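Fit chain B to the supplied structure of chain A, relying on the hints for placement.
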Amino acid sequence: DQQVKQNSPSLSVQEGRISILNCDYTNSMFDYFLWYKKYPAEGPTFLISISSIKDKNEDGRFTVFLNKSAKHLSLHIVPSQPGDSAVYFCAASLIQGAQKLVFGQGTRLTINP
Amino acid sequence: EPEVTQTPSHQVTQMGQEVILRCVPISNHLYFYWYRQILGQKVEFLVSFYNNEISEKSEIFDDQFSVERPDGSNFTLKIRSTKLEDSAMYFCASREDWSSYNEQFFGPGTRLTVL
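Going down the list, the sequences are from chains A and B. Each number in our numbering corresponds to the 1-based position in the first sequence with 17 added. Each number in our numbering corresponds to the 1-based position in the second sequence with 6 added.
You may find that some hints are simply not true.
[To be verified] List of simulated lysine to any residue pairs, SDA-like, C-alpha gap at most 25 Å:
{"id": "1", "chain 1": "A", "residue 1": "Lys71", "chain 2": "A", "residue 2": "Asn39"}
{"id": "2", "chain 1": "A", "residue 1": "Lys22", "chain 2": "B", "residue 2": "Ser93"}
{"id": "3", "chain 1": "B", "residue 1": "Lys63", "chain 2": "A", "residue 2": "Thr43"}
{"id": "4", "chain 1": "A", "residue 1": "Lys85", "chain 2": "B", "residue 2": "Tyr107"}
{"id": "5", "chain 1": "A", "residue 1": "Lys71", "chain 2": "B", "residue 2": "Tyr107"}
{"id": "6", "chain 1": "A", "residue 1": "Lys73", "chain 2": "A", "residue 2": "Lys85"}
{"id": "7", "chain 1": "A", "residue 1": "Lys22", "chain 2": "A", "residue 2": "Ser102"}
{"id": "8", "chain 1": "A", "residue 1": "Lys55", "chain 2": "B", "residue 2": "Ser93"}
{"id": "9", "chain 1": "B", "residue 1": "Lys63", "chain 2": "A", "residue 2": "Gln113"}
{"id": "10", "chain 1": "A", "residue 1": "Lys55", "chain 2": "B", "residue 2": "Asp103"}
{"id": "11", "chain 1": "A", "residue 1": "Lys55", "chain 2": "B", "residue 2": "Val30"}
{"id": "12", "chain 1": "A", "residue 1": "Lys55", "chain 2": "B", "residue 2": "Thr119"}
{"id": "13", "chain 1": "A", "residue 1": "Lys22", "chain 2": "B", "residue 2": "Ile44"}
{"id": "14", "chain 1": "A", "residue 1": "Lys85", "chain 2": "B", "residue 2": "Glu109"}
{"id": "15", "chain 1": "A", "residue 1": "Lys22", "chain 2": "B", "residue 2": "Met95"}
{"id": "16", "chain 1": "B", "residue 1": "Lys63", "chain 2": "A", "residue 2": "Val119"}
{"id": "17", "chain 1": "A", "residue 1": "Lys55", "chain 2": "B", "residue 2": "Tyr107"}
{"id": "18", "chain 1": "B", "residue 1": "Lys63", "chain 2": "A", "residue 2": "Ser66"}
{"id": "19", "chain 1": "A", "residue 1": "Lys55", "chain 2": "B", "residue 2": "Glu7"}
{"id": "20", "chain 1": "A", "residue 1": "Lys55", "chain 2": "B", "residue 2": "Leu45"}
{"id": "21", "chain 1": "A", "residue 1": "Lys73", "chain 2": "A", "residue 2": "Ser45"}
{"id": "22", "chain 1": "A", "residue 1": "Lys55", "chain 2": "B", "residue 2": "Thr13"}
{"id": "23", "chain 1": "B", "residue 1": "Lys63", "chain 2": "A", "residue 2": "Gln122"}
{"id": "24", "chain 1": "A", "residue 1": "Lys71", "chain 2": "B", "residue 2": "Asp103"}
{"id": "25", "chain 1": "B", "residue 1": "Lys63", "chain 2": "A", "residue 2": "Phe47"}
{"id": "26", "chain 1": "A", "residue 1": "Lys22", "chain 2": "B", "residue 2": "Ser64"}
{"id": "27", "chain 1": "A", "residue 1": "Lys55", "chain 2": "B", "residue 2": "Pro14"}
{"id": "28", "chain 1": "B", "residue 1": "Lys63", "chain 2": "A", "residue 2": "Ser45"}
{"id": "29", "chain 1": "A", "residue 1": "Lys55", "chain 2": "A", "residue 2": "Thr127"}
{"id": "30", "chain 1": "A", "residue 1": "Lys22", "chain 2": "B", "residue 2": "Asp92"}
{"id": "31", "chain 1": "A", "residue 1": "Lys85", "chain 2": "A", "residue 2": "Asn24"}
{"id": "32", "chain 1": "B", "residue 1": "Lys63", "chain 2": "A", "residue 2": "Phe63"}
{"id": "33", "chain 1": "A", "residue 1": "Lys22", "chain 2": "B", "residue 2": "Glu62"}
{"id": "34", "chain 1": "A", "residue 1": "Lys55", "chain 2": "B", "residue 2": "Gly46"}
{"id": "35", "chain 1": "A", "residue 1": "Lys55", "chain 2": "B", "residue 2": "Ser64"}
{"id": "36", "chain 1": "A", "residue 1": "Lys22", "chain 2": "B", "residue 2": "Lys63"}
{"id": "37", "chain 1": "B", "residue 1": "Lys84", "chain 2": "B", "residue 2": "Thr13"}
Just so you know, the hints here were simulated from the structure itself, not pulled from any lab data. These numbers were taken from a predicted model, which means no experiment stands behind them.
One chain only, chain B, in its complex shape:
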């Protein structure tokens, strides 16, 4: 069964460093998302991406964040200068199309720890 994959599973970085989290969505899916879950809190939407551009972003997704689909398979989230409060689980998700009721499929997540 096709699945969303994410690498790395755990990333440890120093405050102020740049990190890139990688995702491979399901191959025929057209909508891509990043969510995060800070320990003990809700899963929160960060950004959605469709047709090679951001379709919606949350208030959390400020200028320190960017997303890219550099080739036909990868979808990346870059945090330019990490802060302690960026420590969280980051989940990538994908969805087949935008025109109907269908679910988002989530990857296993990347645990980001900022020291």
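For reference, chain A alone in the conformation it holds in the complex:
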């Protein structure tokens, strides 16, 4: 089941620069997308979300972009900070029903000082 894919298992970025994490999905019925951050031995922590009626959502240093025609979303972190080093998961769901989340494989982001 590859409905949500994060093709980059890891990403290394210098502190202060922009981090861009990418996610692709195949199910055009998905209408709600979320990004979670996960530290070792902790559960996923919600970062930011976007509904399919928007193409951009911003919250502080985090911006999510949605391109429905390409079935692609991205998370931008500007500026990147050492505390941002974690695994980032993209997730998608349908608003109707139980809203179960379908996760990507995750991208490990490392911010270098």
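Using the frame of chain A, we list chain B on its own:
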């Protein structure tokens, strides 16, 4: 800030034994979930629970699994006869309501090791 809690943090069991994983969702939340993550793999949906009944379940959630909300605060996942392949991190999550766009809040997880 309210949070989802899970106990135990780590459970070791013998194959064939029953285990119960416990979760306390955020108090005003109405939707509850269990997910699992096998080492090196994706986080996978197991089951959702709303209004005291299962609202959706995955193919993984077979007859060996059950969920219960025995009182107003706990939400449990029972595995009746554990198999080696049940070894994973199990995450509980909760969501405020079903009618709008809102995120699921996850607990810290229970690491289940089946020997």
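Structure-based check of all given hints:
1. Lys71(A) with Asn39(A): Status holds; Cα separation ~17 Å.
2. Lys22(A) with Ser93(B): holds, 24 Å
3. Lys63(B) with Thr43(A): holds, 21 Å
4. Lys85(A) with Tyr107(B): holds, 18 Å
5. Lys71(A) with Tyr107(B): Holds - the C-alpha atoms of tyrosine 107(B) and lysine 71(A) are around 12 Å apart, at most 25 Å.
6. Lys73(A) with Lys85(A): Measuring from Cα to Cα gives roughly 11 Å; hence the hint holds.
7. Lys22(A) with Ser102(A): Status holds; Cα separation ~20 Å.
8. Lys55(A) with Ser93(B): It holds: about 20 Å lies between the C-alpha atoms, which stays within 25 Å.
9. Lys63(B) with Gln113(A): holds, 15 Å
10. Lys55(A) with Asp103(B): holds, 24 Å
11. Lys55(A) with Val30(B): Between lysine 55(A) and valine 30(B) the Cα gap is close to 20 Å, so the pair holds against 25 Å.
12. Lys55(A) with Thr119(B): The hint holds at about 21 Å.
13. Lys22(A) with Ile44(B): Given that 25 Å is the threshold and the Cα spacing comes to 17 Å, the pair holds.
14. Lys85(A) with Glu109(B): holds, 20 Å
15. Lys22(A) with Met95(B): holds, 21 Å
16. Lys63(B) with Val119(A): Holds: lysine 63(B) and valine 119(A) sit about 13 Å apart, inside 25 Å.
17. Lys55(A) with Tyr107(B): Holds, because 21 Å separates the two Cα atoms, which is no more than 25 Å.
18. Lys63(B) with Ser66(A): Since the Cα atoms of lysine 63(B) and serine 66(A) sit roughly 24 Å apart, the hinted pair holds (cutoff 25 Å).
19. Lys55(A) with Glu7(B): OK: lysine 55(A) and glutamate 7(B) at ~18 Å, within 25 Å.
20. Lys55(A) with Leu45(B): holds, 14 Å
21. Lys73(A) with Ser45(A): holds, 18 Å
22. Lys55(A) with Thr13(B): Judged against 25 Å, a Cα distance of about 19 Å means the pair holds.
23. Lys63(B) with Gln122(A): holds, 21 Å
24. Lys71(A) with Asp103(B): holds, 21 Å
25. Lys63(B) with Phe47(A): The hint holds at about 18 Å.
26. Lys22(A) with Ser64(B): With Cα atoms ~19 Å apart, lysine 22(A) and serine 64(B) stay inside 25 Å; holds.
27. Lys55(A) with Pro14(B): holds, 19 Å
28. Lys63(B) with Ser45(A): It holds: about 21 Å lies between the C-alpha atoms, which stays within 25 Å.
29. Lys55(A) with Thr127(A): holds, 13 Å
30. Lys22(A) with Asp92(B): The hint holds at about 24 Å.
31. Lys85(A) with Asn24(A): Since the Cα atoms of lysine 85(A) and asparagine 24(A) sit roughly 18 Å apart, the hinted pair holds (cutoff 25 Å).
32. Lys63(B) with Phe63(A): holds, 22 Å
33. Lys22(A) with Glu62(B): With Cα atoms ~23 Å apart, lysine 22(A) and glutamate 62(B) stay inside 25 Å; holds.
34. Lys55(A) with Gly46(B): At roughly 14 Å apart (the allowed maximum being 25 Å), glycine 46(B) and lysine 55(A) satisfy the hint.
35. Lys55(A) with Ser64(B): holds, 23 Å
36. Lys22(A) with Lys63(B): holds, 22 Å
37. Lys84(B) with Thr13(B): With Cα atoms ~13 Å apart, lysine 84(B) and threonine 13(B) stay inside 25 Å; holds.
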